[in-house]
Amino acid sequence: MIPELDNRSPGQGMLTATRLSHKYGNFTALAPLDLSIDSGELVIIEGPNGSGKSTLLLCLSGLLRPTAGAIDVAGYDLFLEEQEARRRLAFVPDVPRFYVELTAWEHLHFIALAYGAAQGFASKVETLLKEFGLWEARNMFPHLYSRGMSLKLGVLFALIRPFQVLLLDEPTSAMDFDSSQLLVHHLKELRNQGAAILLTTHDPELKNGLADRVLRMENGRLTPV
Amino acid sequence: MHPIWTLYSRRIFSRLAFWLSALGFNARDRSLTNRIYLVYFIIFWAVWVGAVFALFASTLAGGLQHVSTPAFQVISTSFQIILLGWVMIQLWSVTHRSPFSFSEEDAYLICQMPVNRRRVGFVLYLQGWLSSMLPFLAGVTVLAFTVEEVSLLQAQESFVLGRYILSSFRGASIILPLHSGLLGLLWALGALRLYPRPRQWLGFIPLGVLLLGATVFGLRAHVPLLYSILHFPLQLVVDATFATGAGPWLAGFTFALLLLILGMLSLFLATPHISLAQAARETSLRASIHSARDLGVHILTDAMRLRKCLGIERTPSCLLSTPGAAVLFEKDEVQTRRSLTIGFFLHLAWIFGLCLGMFFSPGWQVKLILGAIWALAVGLLLTRRLRSDLARWWILRSLPVKATTLLRLEIRLPWTLVVWIGWLCAFGSPAQLGLKLLAVAMIPFLAASAGFAVASDILGRCQARTIMSPSIAEENIPTLDIKGALLSIACVLVPYGMLLTLAAHPAQAELGIIALALSIALTWLTHRSAGYAFTNVR
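Protein sequences appear in the order of chains S and U.
Our numbering puts the first residue of the first sequence at 1, with every later residue one more than the last.
Our numbering puts the first residue of the second sequence at 226, with every later residue one more than the last.
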């Protein structure tokens, strides 16, 4: 998070989805839904496998064009004002895939440069890599990483650069206990700095100890818990 | 039957069945009709193979007629060199990596079980022998046919089928035991590497053999006896493979048979203590690459090869340095440098050849055909990086870069190479200066429009859920479709056709301006179309 990223519509939520829906052919993965997450709020979505959690995150991250509806990130339309919206949005999938030819350190450098966050990169990346236990493996190619290490690197993709909205798909599913605790610590810190965070998880500890609001997704419908 | 034999015999049979079905025979069909068909199938392919080998032999024999050295000597020497080369390559291979190849499944299934290692070793040897023997058998048959063809030409006799068949049997009867024996000896050496106590000296054997061979060969004039002693067995057996008469054949066959017994005995003695786990560690990736290649999944084969070549880690590249969108181009540079293959250079050479043809070949029809192929070759080259990056959709799509800018950066590096190649051909062409300059101005747009047309087609058929699926390479990314191919060809051929018309009718100067304007317009349109497809992946 860096302060120079503005929120164009401070009155509204940092992340707003209006009448958002998605269909795969005739199958409705997401029934029309409205969602708003405020600055400094951490929302957790739970629900059974195949209920539409990942599809919702893919739509909210702009990786999947929704069948209908609009998504605003800090007042910027995700599809009409893409660059500004994406600058403020970070997404980490449950199984992140990386470039084969780049090392972990180069991946992070690439991301930092692409998002204009190269200033102070060296010290920041060193701190983060050491915290998440990837410092020794920084020059390795990520396809050699375990699933947990890949997930940590995916999380670092978000933490290495500024954002206002963070979307995480089952971030602790393959992490060890210490790394999960560290992630929780970072998420709390980011929330205190004003980030809007949305994550899906099956981890009850994460849900109970971290969430400001819990939503349940079932058959593509979102309901408050 | 022993489970190991059951497992591998089934595997060998299914592999054989795959190739038989590729040739038109269903090995699993036990009906009478199919058995009758089998007779026809064998006769058809035997005749076909015989005819093709005879054709090769006839061509070779024709060529050998123009060589002053006797044909038999040329063939014998060539085959000796081939055999020695093969032995050296195999020697290097078995002393550096396990010859016993295990797939990933084998590593779990067999290597962790208390199996008889000798049996495993022999079964794997049999599997390796089958694929290694076929080229030798084919080569020896062609060369044996060539020797017969040459002697028939010299005696001015016509084709005698019996002599051809006899010569091929003679060659096969020697080369099969010889090859099997040599392979057995080499694999026995490879088995020593897999013993619990490492034998570092084995790695130096190929170099030692090479140095010894080179020294003896270099000093053959000074130490003829030593050279003769070392060379004699090789010459004896190779000459016997192709010579006529029972005497030489019997000598060669006996030698090959002794070598076979020696090879099998060595393998029998060397295999009981091999470490299967070490063999699996050294070969499972290679086995995966081979099975991907056999199934025709070249994308996977390339990806696995690349992973193998990259190793474990690298020091950070200093190429990544520019903030903003430009870093995408630098990323491409790093990736391209690290993944350079002969295939990439061959693709560039192919484009260069096509480009030369577009400027130098006679007749507009040929030029247009070459132009169409050039469009496809360029389109595929320019979208290589894009396809690879689409497999990392969550990174690519999240970047705060305008879609059209991103696409331009994705194709920029290969586009630059293609443009330089095009300019080189244009400047070297015999056309008038005005036409050359017009071609130079058009080439960047023609290349870009071909690339964007292919990109637009690929992106138009991408599905976010599919490309987000875990994958090794870009196997989930759509490949070029007929629509994209036609669009790419049209984008190149329409302006290029106008340029050709202008070359034929120099008075119609306005055609040049229209062609240039059209190539710019088509580039803009395909660029926009690709950008739209990128932002609308569903």
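Among these hints, one or two may not hold up.
[Unchecked claim] With the C-beta cut set under 8 Å, the calculated list includes, among others, these residues of chain U facing chain S:
1. 267
2. 351
3. 352
4. 353
5. 355
6. 519
7. 537
8. 542
9. 560
10. 690
11. 758
12. 762
The set of hints was computed from the structure by calculation and includes no laboratory data.
These figures come from a predicted structure and were not determined experimentally.
By construction, the Cβ of each residue, glycine as well, lies at the ideal position given by its N, Cα and C atoms.
Handout entry: When the least beta-carbon distance from residue 519/U to chain S is tested against 8 Å, hint result
Key = violated, 22 Å
Exercise for the section: Identify whether the interface hint at residue 353/U stands, where standing means a beta carbon of chain S within less than 8 Å of its own. Expected result: violated, 29 Å
Exercise for the section: Using 8 Å as the Cβ threshold, decide whether residue 267/U counts as touching chain S. Expected result: violated, 46 Å
Handout entry: Interface hint status, residue 352/U versus chain S (Cβ within 8 Å)
Key = violated, 29 Å
Handout entry: Satisfaction of the residue 537/U interface hint, Cβ to chain S closer than 8 Å
Key = holds, 6 Å
Handout entry: Interface hint status, residue 690/U versus chain S (Cβ within 8 Å)
Key = Holds - the Cβ of residue 690/U comes within 8 Å of chain S, reaching about 7 Å at its closest.
Practice task
Double-check residue 758/U for me: the hint is only fine if its C-beta lies closer than 8 Å to a C-beta in chain S.
Solution key: violated, 11 Å
Handout entry: Hint validity - residue 762/U Cβ closer than 8 Å to any chain S Cβ
Key = holds, 6 Å
Handout entry: Supplied contact hint for residue 355/U, tested at 8 Å Cβ to chain S
Key = violated, 33 Å
Exercise for the section: Identify whether the interface hint at residue 542/U stands, where standing means a beta carbon of chain S within less than 8 Å of its own. Expected result: Where the cut-off is 8 Å and the nearest Cβ of chain S is about 6 Å from residue 542/U, the hint holds.
Exercise for the section: Hold the hint about residue 351/U up to the distance rule: shortest CB distance to chain S must be less than 8 Å. Expected result: violated, 34 Å
Practice task
Have a go at the residue 560/U hint: is there a Cβ in chain S nearer than 8 Å to its own Cβ?
Solution key: At 4 Å from the nearest chain S Cβ, residue 560/U passes the 8 Å test, so the hint holds.
This entry does not satisfy hints 1, 2, 3, 4, 5, 6, 11, going by the numbered hints stated previously.
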